[in-house]
Amino acid sequence: MTTTTPGPSALRGAVGTAHTRIEGRDKVTGAARYAGEIPYPELAHGWLVLSTVARGRILDVETGPILAMPGVLTVLHHGNAPRLHTDYIGMLGVPPDPTSAVFQDDRVPFAGWPVALVVAETPEVAREAAEALVVTYEREPHDTELVAGHPGAYAADGHMPAETEKGDLEARLADSAFVVDEEYTTPEEQHSMMEPHAATARWDGGRLEVVDSNQGAGWVQSELATMFSLDASAVRVRSEHIGGGFGSKGLRAHQVSAVMAATALQRPVRVVLTRRQTFSLGGYRSPTAQRVRLGADPDGRLLALEHRSLNQTSTVYEFVEPSAGVARVMYDAEAHRTANHVVRLDVPSPTWMRAPGEAPGSFAVEVALDELAARAGLDPIDLRLRNEPEVGPVSGLPFSSRNLAACLHEGARRFGWADRDPRPGVRRDGRWLLGTGTAAASFGAGAAPSTALVTAEADGSFTVRITAADIGTGARTALTLIAADALETTPDRVRVRIGDSDFGPAMIAGGSMGTRSWAWAVTAAAADLRERLAMTTGIPPEGITVRSDTTEALGALAQKERHSYGAQFAEVAVDTATGEIRVRRMLGIFAAGRIVNPLTARNQLVGGMTWGISMALHEEAVRDRNTGGHYAPDLAGYHVATHADVPDIEADWVDDHDPDDPVGIKGVGEIGIVGAAAAVANAVHHATGVRHRHLPIRPDRVVAAAGSAGGAVDA
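In this text, residue positions in the sequence shown follow UniProt numbering: the first is 1, and each later residue adds one.
Hints were generated in silico from the structure; no laboratory data involved.
Any given hint could be a false lead.
[Claimed, not checked] Cross-link-like lysine to any residue pairs, in silico, SDA-like; alpha carbons within 25 Å at most: (1) Lys560 - Ser395; (2) Lys560 - Arg291; (3) Lys560 - Asp575; (4) Lys560 - Phe399; (5) Lys166 - Glu37; (6) Lys560 - Thr164; (7) Lys560 - Arg594; (8) Lys166 - Thr463; (9) Lys166 - Pro398; (10) Lys560 - His159; (11) Lys560 - Gly396; (12) Lys27 - Thr17; (13) Lys27 - Glu37; (14) Lys166 - Gly444; (15) Lys166 - Asp299; (16) Lys27 - Thr463; (17) Lys27 - Glu195; (18) Lys27 - Pro39.
Please read these numbers as outputs of a predicted model, since none were measured by experiment.
Could you put together the complete structure from these sequences and hints?
And the structure:
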């Protein structure tokens, strides 16, 4: 059936009102089952064995003693595993990470590479056998350290141009009254979702079924079908409840190895990653080394802007952390240059993590702007307002809407910014130095083609089916409200079913595009269904179903710069004797389109801001350069913000209407973290007079900086 574009009346009523999560009660009572806890008859359990060397070859896998252990069913490795098809471009437009194509050869490209899967009757036996498996390696020299100026660095396009340039940068820097030229670094960060990766694979009547925890059932289905040379209709992937993803839950080694084992044994096989295994196999945010150069005239208007970023990737897969993309959207200058470079190291493949590119990139750019404001004697907010671009700095496209100024003004008013003494290191509360900081934020507001099925049931209710994923964002609830309004009914008469690849192709939960893409498909299907019902005298027992496809409508959307925006504000207290930093309060004001559910939207924004505090002060995965592995790869050794670290924190939004957008939803999953770490770092500078350009701002760095050159050093 032809889809129609939802009109303005399609998103009124339930949308915009606070609504508790549809599945909330099931989750808190344990009725909601996750991928690792759904029972199956004759279920076998797989346990992955990971390499202990950072680079080399597998010489031998001693399976004999393991197969002799009671309860052990099989051991899969490169010598007996089926060959997989890996030479293809995946659903997301990129080739698959070979880490997921397990057991294909004897190469070991990093510590933690999957070398075998032990399958047994119970998880306890599988783990014991996996830990007893002896694997012999031929070791080779390795390099796991990312450093600025690495000789192996190269420009990588990824999903955007590697480099952009206009104007004579050096000449405009020479003409500038104020110049900033500094290096900024961010460390490796881990997703640390509550639910580790888990998948169960089984064959049911000649059809492969995988129950998984992922961010896109259709995505994983497509990848598995191609990899195992199956027709897409022969693979079904279900993912009903997900305990967090943040970008890490796509196709991974555990799903592929589970399918291999289920095929070999012809019985269901479950593979669940341990917390430590996720550090190697779940992906992570690459560390970055960034250089920002700014030049401004006497009034603080930018004449020159350069943002160069370097990230690491594995030797088997290229992943670009597009940190320099921030400057391509936020600020313009007569001379403008950006570059994203990567270097291949003997490390696991990085992947998307909440606000990939924007989170680390905004730290560098927004701290550099704070430095420029200080050198120019300007208020940091005033400096940003003076450099608001009229069109996309690189694309030249008009902005669909750009309400960053409104966020800055409203945030400053509510935070009490006007009362701020601009001088650093002058406010005290006993042993604590107090400071406040701000930073701006942006994140793209895209959409991807999606399909949806909407059924009018004979009992007067409606059923919506869409291959969406609720990774804790409240997507189920948001889609219920959207469907209710589009169908001109109440939410209690709408049932939304998600997380099943059989429902047809749809956007994954990622890039803050999920709700926007799914809402478009649902409202289009609902509009068509209303037209059908208007011409129908009754509903048959099987109901009346229509299907939408937004591909054509998306193609007709005008090309513009579409983004969410935000202004972050933080107040910190710093004890330079102990190095302690306490974030006392934080405020984020955002322009994120039409807010579907204020309750869950605020949850998402506060969650992102909390992660920004964690990014600024805590998170740092450290590798041992001798072994290539992590120090303490668990939640005891990898510190994240806890309730004790979360201050008086508030998130709100301003009106952000785009008259050309038929949906009006932009997404709030990622904008909350963007700029948050920079706001905290800028507040620490205001408190102490010390500029910290390297995250996290650990206590030892605070103490060392306070004792060096009067504290006025690059920490």
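Task: Violating hint indices (sorted, rising) - done: 2, 3, 5 and 8
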